[in-house]
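Given these sequences and hints, build the entire structure.
For the protein sequence lines, the chains are A and B, in the order given. Residues 1 to 409 in the working numbering are what the first sequence spells out, letter by letter. Residues 410 to 718 in the working numbering are what the second sequence spells out, letter by letter.
The reader is advised that the hints may include incorrect statements.
Straight-line alpha carbon distances no greater than 30 Å define the calculated BS3-like cross-link-like pairs of lysine-lysine that follow [claimed, not checked]:
{"hint": "1", "chain 1": "A", "residue 1": "LYS403", "chain 2": "A", "residue 2": "LYS83"}
{"hint": "2", "chain 1": "A", "residue 1": "LYS403", "chain 2": "A", "residue 2": "LYS238"}
{"hint": "3", "chain 1": "A", "residue 1": "LYS228", "chain 2": "A", "residue 2": "LYS187"}
{"hint": "4", "chain 1": "A", "residue 1": "LYS238", "chain 2": "A", "residue 2": "LYS207"}
{"hint": "5", "chain 1": "A", "residue 1": "LYS228", "chain 2": "B", "residue 2": "LYS531"}
{"hint": "6", "chain 1": "B", "residue 1": "LYS603", "chain 2": "A", "residue 2": "LYS85"}
{"hint": "7", "chain 1": "A", "residue 1": "LYS315", "chain 2": "B", "residue 2": "LYS531"}
{"hint": "8", "chain 1": "B", "residue 1": "LYS603", "chain 2": "A", "residue 2": "LYS398"}
{"hint": "9", "chain 1": "B", "residue 1": "LYS531", "chain 2": "A", "residue 2": "LYS313"}
I should point out that these hints are in silico values taken from the structure, not numbers from a laboratory.
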Amino acid sequence: MRHRSLLVLSIALTGALTVTACGSRGGNKSSSNSASGGLTVTIGVDAPLSGQNSATGLGIQYGVQIAVDDANANHLVPGVTFKVKALDDQAQPATGQQNATGLVADSSVLGVVGPLNSGVAQSMQQVFATANLVEISPSNTNPTLTQGPNWASGQKTRAYKTYFRTATTDALQGAFAAQYASAAGKKNAFVVDDKQAYGAGLAGIFKDAFAKDGGQIAGTDHVNTGDKDFSTLVTKIKSSGADLLYYGGQYDEASLLSKQLKAAGANIPLFGGDGIFSATYISTAGAGSEGDLATSVGVPVDTLATAKDFIAKYKAANYPGDYGTYGGYSYDAATAIIKSIGSVVSANNGKLPSDARAKVVAGVQASDFDGIAGHVSFDQYGDTTNKQLTVYQVTSGKWASVKTGTFNG
Amino acid sequence: MHTLPQQLANGLFLGSTYGLIAIGYTMVYGIVQLINFAHGEIFMTGGFGALTVYLVLPHGTSLWLALPLMLIGGALTSVLIALGAERFAYRPLRNAPRLAPLIAAIGLSLALQQAVHNLYPKATSPRAFPQLAAGPWHLAGIRIQSGDLFTVLAAPICMIILALFVQRSRTGRAMQATAQDPDTAQLMGIDTNKIIAAAFGIGALFAAVAAVCYGLRYGEVDYSMGFQAGLKAFTAAVLGGIGNIYGAMLGGLVLGLAEALATAYISNVPGMQQLGGGSWADVWAFVLLILVLLLRPQGLLGERVADRA
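See the structure below:
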């Protein structure tokens, strides 16, 4: 009896393994098979596509997908067919680094869009730099990624010349948020972060800027990513007398924190950065999220005439994820890579030179075009020159923009 | 300290959920000395089972009507999976070296997580769980929400039923006998296979109740929720004395209270600001576990037993 069930189990396992093996073999075949007659170039994508942060991560993947489909349909680079290779980093730095190594090893990859998380970017930068492979993040906002660890004291140094971003930095975002909070009459803020590169950095910048603007800090605390129970923290915030909760982190924890805060009877808004600016935040946090605030990079995508076509395509294709946060920036990041490849190919008689990756990096640095989410060009650190920020507020269950501008001192 | 009653209540709600899951670890360990690391995932499938029932019911069904059906659906799902795991993964390995079923449990845990992640519709990100539209209630400065109320009612009711079952029923007494000495129990005419399956089934039943508590309290279920909850519940079972069902519940409550109090008050202790707050809750929970195990290696309610050969 025992032997028979073991046998059944091992047959089932063997069957499962065979199926998996077939699947991966099929996948490899299609990726190495180039389009007949022309060159095939791959644009890599790295973002969290499952689990934590995946709603915004999928927005990046399909933002790039639409850019690539548009480039192929319009023959933006004659003779070259682009395709997307999207890898899931699950918001984990170690997985991101593995994915980076994998993308570097695939010689058809000439540029990468991603990752979503600043903490993941830190682990990938070195891998791409040594391989001379260009990486453009549509969403990383931690200042150290481009300006080095001593950016706050004014000693800006660029460590990786292959790293660019189409999002502006938290140095501006945190200060912009503090300015808005003070102007809205908030006096006493409780500051919570998730201890990640992005969240802790942003919360720290907000705290300093808010205190400088004359606000009080009612208290600070930290949470772990993946936590679900914030009842104790919520009781603490409620009794601290704060009139605002600032949260540095992602929507996964922020939405539950907001929900539990309102359910505990503390009617103060949660204010966060671009990490919580997602439709999923509102759907999870529920009715209690009404009045919550978020800053995000750029101007609202829905208000841009240039982005209408993009949004229509995203909706028509029924892609999962939220395009609202970084979809436009992902599209522009992919387009910057595609345009750079185009100029490299046309300078080399329609073929790819042997040092294509290095040339693409130089081409991206020189980018200068109008994207769907604003003008695309990069400064000497790899930061975008588009420093627009917007404050959004949850109004009738939707994010509505309340203030757009740039931060100035 | 005016927040103390609320913080104690917070710890109690959290600890009740831990205790309900911990029952599953402790029952299985008490009878077959196996740490069923897939139990966290059995808890998770219970949550998805309950959610499925809610989704197939006609849209707009009152949650008060749906809740009993969801409990049944969740319980059926997790009990069936637990019995399947026992029959096809653990029973064939019962006389194998201890390490083999342990590795099988870890493998099963990963397999169940991935299965839900890949096969359940839209389970790659958290799925919304319905919420009871009632409350909150105020009692002596404590604010109780509907999900919390369900938890504090469900945990003691389940516990009393279990205690009666184990002490009074034939199967319950057969379980005690099997736990003491499986070979002799078998010689006395007890079908130990049935008893072991029952232990898995009861553990899964409690896990399903815990999963519904979890869904009602946090408003979502996701494929990876079993990992952290399972780890905490296992800690609770060890803290209370693994093998002892009352110990599991007590361990859960102690763990929940310790986490809540550490989060709330450690940072107020002069010189310890850096060591308090939400991100340190787990650290203090495990410090407590180590202290208890140093002073009472058998756990709070565990009995000192000679190691089996």
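Hints, verified against the model:
no., hint, result
1, LYS403(A) - LYS83(A), "violated, 37 Å"
2, LYS403(A) - LYS238(A), "holds, 28 Å"
3, LYS228(A) - LYS187(A), "holds, 28 Å"
4, LYS238(A) - LYS207(A), "holds, 19 Å"
5, LYS228(A) - LYS531(B), "holds, 20 Å"
6, LYS603(B) - LYS85(A), "violated, 51 Å"
7, LYS315(A) - LYS531(B), "holds, 18 Å"
8, LYS603(B) - LYS398(A), "violated, 54 Å"
9, LYS531(B) - LYS313(A), "holds, 22 Å"
Of the numbered hints stated above, those contradicted by the structure are hints 1, 6, 8, listed in ascending order.
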